[in-house]
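**Q** Next come the chains, spelled out residue by residue.
Protein chains: 2
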Amino acid sequence: MPRYKAPLEDFRFLYNEFLDLSACAGMTSMEEATPDIFEAVLTEGARISEERLQPLNAIGDEIGCKFNEADGSVTMPDGFVDAYKDYAGAGWTGLTADPEYGGQGLPVFLGLAMSEMINAANASFAAYPGLTLGAYEVLHRYGTEEQKKRYLPKMVSGQWGGTMNLTEPQCGTDLGLIRTRAEPRDDGSYVVTGTKIWISAGEHDMVENNIHLVLARTPGAPAGTRGISLFLVPKFLVDENGNPGERNGVKCTGLEKKMGIKSSATCEMQYTAAKGYLVGEENRGLAAMFTMMNAARLVTGIQGLGMASAAYQAAVDFARERLQGRSLAGARYPDKPADPIIVHPDVRRMLLESKAFVEGARALGLYTGVQLELELRHPDEQVRQRAGYWVALMTPIIKAYFTDMGSEVANLSMQVHGGAGYVRDTGVEQFVRDVRITQIYEGTNGIQALDLVGRKLVGNSGENLKAFFEPVQAFVAEHAENDALACYIKPLEDAAGLLQETTATVYSKMSSDPEEAGAASVDYLRMFALTAMAYMWARQAVVAHGQLEKGRGRAAFYQSKLDTARFFMTRMLPDTLSLGERVRAGAGPVMTPSDEEF
Amino acid sequence: MPRYKAPLEDFRFLYNEFLDLSACAGMTSMEEATPDIFEAVLTEGARISEERLQPLNAIGDEIGCKFNEADGSVTMPDGFVDAYKDYAGAGWTGLTADPEYGGQGLPVFLGLAMSEMINAANASFAAYPGLTLGAYEVLHRYGTEEQKKRYLPKMVSGQWGGTMNLTEPQCGTDLGLIRTRAEPRDDGSYVVTGTKIWISAGEHDMVENNIHLVLARTPGAPAGTRGISLFLVPKFLVDENGNPGERNGVKCTGLEKKMGIKSSATCEMQYTAAKGYLVGEENRGLAAMFTMMNAARLVTGIQGLGMASAAYQAAVDFARERLQGRSLAGARYPDKPADPIIVHPDVRRMLLESKAFVEGARALGLYTGVQLELELRHPDEQVRQRAGYWVALMTPIIKAYFTDMGSEVANLSMQVHGGAGYVRDTGVEQFVRDVRITQIYEGTNGIQALDLVGRKLVGNSGENLKAFFEPVQAFVAEHAENDALACYIKPLEDAAGLLQETTATVYSKMSSDPEEAGAASVDYLRMFALTAMAYMWARQAVVAHGQLEKGRGRAAFYQSKLDTARFFMTRMLPDTLSLGERVRAGAGPVMTPSDEEF
Chain A
1 MPRYKAPLED FRFLYNEFLD LSACAGMTSM EEATPDIFEA VLTEGARISE ERLQPLNAIG
61 DEIGCKFNEA DGSVTMPDGF VDAYKDYAGA GWTGLTADPE YGGQGLPVFL GLAMSEMINA
121 ANASFAAYPG LTLGAYEVLH RYGTEEQKKR YLPKMVSGQW GGTMNLTEPQ CGTDLGLIRT
181 RAEPRDDGSY VVTGTKIWIS AGEHDMVENN IHLVLARTPG APAGTRGISL FLVPKFLVDE
241 NGNPGERNGV KCTGLEKKMG IKSSATCEMQ YTAAKGYLVG EENRGLAAMF TMMNAARLVT
301 GIQGLGMASA AYQAAVDFAR ERLQGRSLAG ARYPDKPADP IIVHPDVRRM LLESKAFVEG
361 ARALGLYTGV QLELELRHPD EQVRQRAGYW VALMTPIIKA YFTDMGSEVA NLSMQVHGGA
421 GYVRDTGVEQ FVRDVRITQI YEGTNGIQAL DLVGRKLVGN SGENLKAFFE PVQAFVAEHA
481 ENDALACYIK PLEDAAGLLQ ETTATVYSKM SSDPEEAGAA SVDYLRMFAL TAMAYMWARQ
541 AVVAHGQLEK GRGRAAFYQS KLDTARFFMT RMLPDTLSLG ERVRAGAGPV MTPSDEEF
Chain B
1 MPRYKAPLED FRFLYNEFLD LSACAGMTSM EEATPDIFEA VLTEGARISE ERLQPLNAIG
61 DEIGCKFNEA DGSVTMPDGF VDAYKDYAGA GWTGLTADPE YGGQGLPVFL GLAMSEMINA
121 ANASFAAYPG LTLGAYEVLH RYGTEEQKKR YLPKMVSGQW GGTMNLTEPQ CGTDLGLIRT
181 RAEPRDDGSY VVTGTKIWIS AGEHDMVENN IHLVLARTPG APAGTRGISL FLVPKFLVDE
241 NGNPGERNGV KCTGLEKKMG IKSSATCEMQ YTAAKGYLVG EENRGLAAMF TMMNAARLVT
301 GIQGLGMASA AYQAAVDFAR ERLQGRSLAG ARYPDKPADP IIVHPDVRRM LLESKAFVEG
361 ARALGLYTGV QLELELRHPD EQVRQRAGYW VALMTPIIKA YFTDMGSEVA NLSMQVHGGA
421 GYVRDTGVEQ FVRDVRITQI YEGTNGIQAL DLVGRKLVGN SGENLKAFFE PVQAFVAEHA
481 ENDALACYIK PLEDAAGLLQ ETTATVYSKM SSDPEEAGAA SVDYLRMFAL TAMAYMWARQ
541 AVVAHGQLEK GRGRAAFYQS KLDTARFFMT RMLPDTLSLG ERVRAGAGPV MTPSDEEF
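So the sequence lines, in the order shown, correspond to chains A and B. Using the working numbering, the first residue of the first sequence is number 1, and each one after it goes up by one. Using the working numbering, the first residue of the second sequence is number 1, and each one after it goes up by one.
By construction, these hints were calculated from the structure, which means they are not laboratory data. Hints are supplied without guarantee of correctness; some may be wrong.
[Claimed, not checked] Only pairs whose alpha carbons sit at most 20 Å apart, straight line, appear in this in silico SDA-like list of lysine to any residue:
(1) B:K85 with B:Q170
(2) B:K257 with A:A58
(3) B:K258 with A:D425
(4) A:K257 with B:P153
(5) B:K336 with A:G227
(6) B:K5 with B:A46
(7) B:K257 with A:M1
(8) A:K490 with A:Q500
(9) B:K490 with A:G586
(10) A:K258 with B:I59
(11) A:K85 with A:P153
(12) A:K257 with A:E168
(13) A:K85 with A:S157
(14) A:K257 with B:I59
(15) B:K336 with A:Q170
(16) A:K336 with B:K336
(17) A:K5 with B:A46
(18) A:K149 with A:Y101
(19) A:K336 with B:Q170
(20) B:K490 with B:A474
(21) A:K257 with B:G64
Bound-form chain A, shown alone (with noise of 0.2 Å):
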């Protein structure tokens, strides 16, 4: 099975030399989050993942969530509960919620980290307090007083837990679609009914109530996306003291057979006459439920990214371990019956290629965690909209381009192990399994490559862009003139270059014809990614090649920084070239075929 250790050295390199914090200064959230607590937090979640979560991994895939046929209920596998409980009673919930519902307040990238932690260790079981999370968001955001009082303490302590229901039989992507009902009664609030589908932690024994976030139509309300209400539903009716009492009338009657991630529950939720309550406006329940999308969209990235760096782990310590064959330049280790397959060149690239994505990735997820925070709390109008120019860019490049790239490391990770990481004791084929889903849910990567296309290209007047673009010049120009810099300054400059370039041409294409975005669209999401990432290796290498110059020690792990950005930008970016060529040939051979030529 596989061993993980939490990447600590990384995130504290990105942490204290990589990120720049002083944009933060003077924040709330910051005044609590000195240079001991990102230490504690880093070291304590690292514990927790290694120790606790991490060991159930295996058990969990194994087992699964059992589904109850007599009472709805769901029984998580064993030690499940247990873990859970110690994650909540440390705090763990609350990481990054309000102080006023007893959250720690803490900034969202050291969330960040947490969640790729716990995901790498035990992905079934982030989805629950990830779940929760997100609903707080919703409800923090868009609650009245009153409900926030009544429902948001549980849930930051982990006591209850969150659920957000779109998708029904007849809608997934489309939710103009969805049909469950919300009819009004006179003391305000609503009777919910309706089925929802592949509601993930929609029911199980982790927590004492589970408040669901439920998308549904009042009477009259206009068709399509439009006529869309929010409403909160908890499975136990609750006093104004706080305090579970009646069973509603929302239960679970059945869990989807999945290809992995078989310890979160993904539910059916039949709503029966359910007693629910308005969050936010009436017909605007879309908008809110996509605030809590946007954070899910970048946690899921998240979570691509942990498995990728577990999936890693697990090859490095396979690829040293493992004897087979000789280097092809001779006996590396000639004592041994055979030197370890880590010699080989096409196991280095494999490996090479996981560390690029993890650590470039790692990098890309905390910017841009920094930035949604100056985005949430900072006090200056002008430096938050600036700042959610950068997230809402790259918000679909991060879900979409991060779980891409987490099934690839873990494939990539499953081929280091060959045979042995097909069957299923190594563990490796979990990751696969596990990792897929987070291609396709929180809006499939097609739908992300659309959003970045359709939405953020052309939203905020290109102020999005210029929040990408301008930054990467300006970096460029800081430091063309270094030439130990050059092999990791120019190829941005040419991948920034190109990009420049194909978003022109997307652009003026997708004028005249909307079809040349949806073809364009995935192509281009990678490109734009890829070159997001050689900005990060680039300001990595940057980092590292100055404290090398300044010589103060930890030279090995400077040294690797420098040489995976070079295996990065010669060996990973110039995919940009074919991608440009794709997007190049415009919509025409993708929309030519007639429907029947299939």
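We have chain A already, so just place chain B on it with the hints.
**A** Relative to chain A, chain B alone:
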């Protein structure tokens, strides 16, 4: 569950219009191979695949093989024994086998179509006759007359199975580490003792006897791969009349729990003083086994293609039925609540990538099958040799590219399905799990790439390469003047030019540093595969274009060939650009990092 329909129209196109079978005229294998026989094999092969094998695919996944600890027996899931009886009874196990031993002696390129269909329908099932055929081929080539008479007829009839026993716990790829011992006895037989793992079809209840081919060392044999011999070890010892009698000292001691192909019994086999018979010469076992491996590699590629074909069909069905959202260009089906998702550009992109792979690979597979038939059975040695160059070159390419793309297409099908693809009901996730092994077994795809660069590129004094480039250049020259074909011919010409250039680069770099070969290998193989696919698509386009000009009907089919060829040329072939860059980057970025940096 997926409904599989064998692609008969495409097979007919390839056999009747695309392939040039005139080179095979007069060969013994072609005597019975009339168009009527082709048609009968295709339609009957389709029938048994669709009606008998496909319905067992999901059941097999759910139930899997059962190991019975008490007696070491393995029980197949319900229905498999009967299906196998029908399959063998109809003569499918002997389709391409030597008539002298009861086979039908049909050409191997016809067997490949059958192989695709049964793998599309039920890859776990397909493994069993596939392995028997591999063992048959080794014995047919290296066995003594007496061995052939004793063992082959019942392997050809399917009453007995065959297996290949290479891997041991301490070695997979590196067979030099084999420890199984074979000690000679006075009667000329050997006593075989050792443990073999990952033995597909090692034990099951569909056959009366199982003929194991086992790699082992004789006393005093040289160390490494030059001291390995091949032994035939029957499960039940066979008397001179060919009747099985006494149980031999070989038994299954356990089954692997795997990610997929759960009805393919992956056995640990214990040989305890088992009686074995030398096949071929002592210490020449690896060469004999590689005969089988080469055929097996081609068939492994076809497995990837078969599952891709079935997964693609499932995606098309789903994309036509699932209503979700509206076309970006406005509602295409305004009378429905939403458009079917096949209208969306990115869904079409995924379907077209799948279709372009499946049909291009089918053409390349059968084209190579014709060359293999020529290599094996043509009376003229020069023809055999030249055909053999093509086969030698294409075997690692087909194995690696078809299986990589098999996984890719299965994952694209899941992506088209969205959440529905991740739950088990639709059967798509089974394709993803089942096909994944094909990238690993019969030599990982990294090993295939090393074979291409390290052996095939330099082997036969460059004749292998000529066998590819010469016909491509002749084909390009033949059609260079035809403007209507330029959009298919020009991209092929460019890709072939880039491939030649890259070949020269790799060749010159690796002569001074063998690690350059390993570092370039996987990207180089992919570039070669894409160029070979471009050749196949250009050839298909030329045929389709000609048929459309003649105007004899089936216009939609030919138009689809042209549209798909165009898609391939404009949106898949450009990947060669990036691959060229990656290869040019050389071994430096891969080999520079120390082993400790990972």
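**Q** Hint compliance check: list the failing hint numbers for this structure, sorted ascending.
**A** Numbers 1, 4, 16 and 17, in rising order.
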